[in-house]
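4 protein chains.
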Amino acid sequence: MTISLEKARQMVAETRAKARTMGLKPLSVVVLDAGGHVLAFEREDGASPGRFEIARGKAYGAVMLGMPGSAQMARAEAQAYFMAAVNGAYGGKVIPVPGGVLVKDVAGEVIGAVGVTGDSSENDAEAALAGIAAAGFEGAA
Amino acid sequence: MTISLEKARQMVAETRAKARTMGLKPLSVVVLDAGGHVLAFEREDGASPGRFEIARGKAYGAVMLGMPGSAQMARAEAQAYFMAAVNGAYGGKVIPVPGGVLVKDVAGEVIGAVGVTGDSSENDAEAALAGIAAAGFEGAA
Amino acid sequence: MTISLEKARQMVAETRAKARTMGLKPLSVVVLDAGGHVLAFEREDGASPGRFEIARGKAYGAVMLGMPGSAQMARAEAQAYFMAAVNGAYGGKVIPVPGGVLVKDVAGEVIGAVGVTGDSSENDAEAALAGIAAAGFEGAA
Amino acid sequence: MTISLEKARQMVAETRAKARTMGLKPLSVVVLDAGGHVLAFEREDGASPGRFEIARGKAYGAVMLGMPGSAQMARAEAQAYFMAAVNGAYGGKVIPVPGGVLVKDVAGEVIGAVGVTGDSSENDAEAALAGIAAAGFEGAA
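Residue numbers (full-length UniProt numbering), protein chains in the order written: chain A, 1 to 141; chain B, 1 to 141; chain C, 1 to 141; chain D, 1 to 141.
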């Protein structure tokens, strides 16, 4: 199963809606496909200019390693040089903190990831999970 | 003047709407700000996975050089090594063909760029121009 | 609002003037626009040759993340792998220590950053703040 | 002999003054030292954001190869793959066209380079030559 653009846009919209109810700072939200490639992205007014790279980095590491941001962070805390090496292997595109959330279909297969940045990493992840659920998928943060 | 997310989304939506009336292949559309940083992106169903980089590359060169895609292409046709060198200087992020369209405000100042890829470069540019105009800005293709 | 070259030059000159009154070592001072692109730079006699990259790195991270150098340093102290990953995502251009100072207009909007290197990071930041204030802007160090 | 910051600033100012008398478009002007490292840079109002990289690229190739922009262009016209390979070896930092002008002292030794971009390559070079001469050095364009 693949994520349609309609579903990707829905995840972005619902993540942003959740962030508003939570009162978060301006967010940037990306949706990647199962190959780690960009499907959709939006950067809210007031976010700093470099947020695309951070959002993508969170989601990219999740898809490429099959590990959500929290698991990547745990590994980085235990073995910083390993995640640094992973980053080198992936061209510097991995940001190993919460806010990179795997998207799974009903069969439990990874079909992409959502990356969120702008507030605390934990709030970023919570908003992403809500957006993924609203689109009928399962999130792993 | 800066491009709000609302205006960026409008340019993406109207570019895609124009493409439908033209009967184009699946498009990918990016909007960059005046510093070349991503504001919004959408990749239509059926587009190949690497389209974000192409769309951004068209728009990025336009912003950074202040030259729309057609002018970049003319320079590349006349002096291929110059555009190759520019690409090196900008970290390999420039795609010098039509479909990279400058966005100007009413005062004529460049406030960003739209990058479109998926159909012929000329059709990509035509769709982008329509999207930019629909959002109340001036396009330079 | 954008930073004119005249204002950028004034910030460089006033930062250097402040450094002289403080008795600092030879400084290098860069001014970036709101997209992280270079507006003006000067390297004082006696400074080592690689100072442009350090000055720009301090200012670049500030603009791209919307976080002054002190906040980046705090994050690097708490989570070194995060700032290392950010650096990868931004092409290795980030130096996360004081001396990268955000420039804000009267409305509080970030319009660029000043990066200073040559003395202690704290002195670098103090000189930058003085230069920014002298030009009529608000600095966040 | 090395280029002092005072002399570097003088070359920038005189290059810009010459451009005004010639009626050129907004210029960006960089001065590099004998090691190819940045001493001073200014980007005039109205220039596109990516001009630092182009100005530096012109001057960098000149210093690193000991060949002014016109000689680099001649080589690129004759053997594009050679200049492309040079660019790879120098990290993508070379722009092999006029506007990269060597700065020599009275003994004929290369002590740095000026890089100018914004108008035609030939006009860029002419302005740089005037700026170098006004500072008491010899230019080779």
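Don't take each hint at face value.
One copy or two, either will do: identical chains are not told apart, so a pair holds if it fits within one copy or between any two.
[As the list claims (entries may be wrong)] Taking lysine to aspartate or glutamate pairs in the DMTMM-like style, the calculated list, with each CA pair at most 20 Å apart, reads: (1) K93 - D105; (2) K25 - E109; (3) K104 - D45; (4) K104 - E77; (5) K25 - E6; (6) K104 - D33; (7) K93 - E53; (8) K93 - E138; (9) K104 - E53; (10) K25 - D119; (11) K104 - E6; (12) K93 - E6; (13) K93 - E14; (14) K93 - E109; (15) K93 - D45.
I should point out that these hints are in silico values taken from the structure, not numbers from a laboratory.
Verification of the hints:
no., hint, result
1, K93 - D105, "neither (25 Å within a copy, 31 Å between copies)"
2, K25 - E109, "between (32 Å within a copy, 15 Å between copies)"
3, K104 - D45, "between (29 Å within a copy, 16 Å between copies)"
4, K104 - E77, "neither (26 Å within a copy, 34 Å between copies)"
5, K25 - E6, "between (25 Å within a copy, 17 Å between copies)"
6, K104 - D33, "both (11 Å within a copy, 18 Å between copies)"
7, K93 - E53, "both (8 Å within a copy, 13 Å between copies)"
8, K93 - E138, "neither (24 Å within a copy, 33 Å between copies)"
9, K104 - E53, "neither (23 Å within a copy, 23 Å between copies)"
10, K25 - D119, "within (5 Å within a copy, 35 Å between copies)"
11, K104 - E6, "within (16 Å within a copy, 24 Å between copies)"
12, K93 - E6, "neither (26 Å within a copy, 28 Å between copies)"
13, K93 - E14, "neither (25 Å within a copy, 31 Å between copies)"
14, K93 - E109, "neither (23 Å within a copy, 28 Å between copies)"
15, K93 - D45, "neither (24 Å within a copy, 24 Å between copies)"
In this structure, the hints that do not hold are numbers 1, 4, 8, 9, 12, 13, 14 and 15, in rising order.
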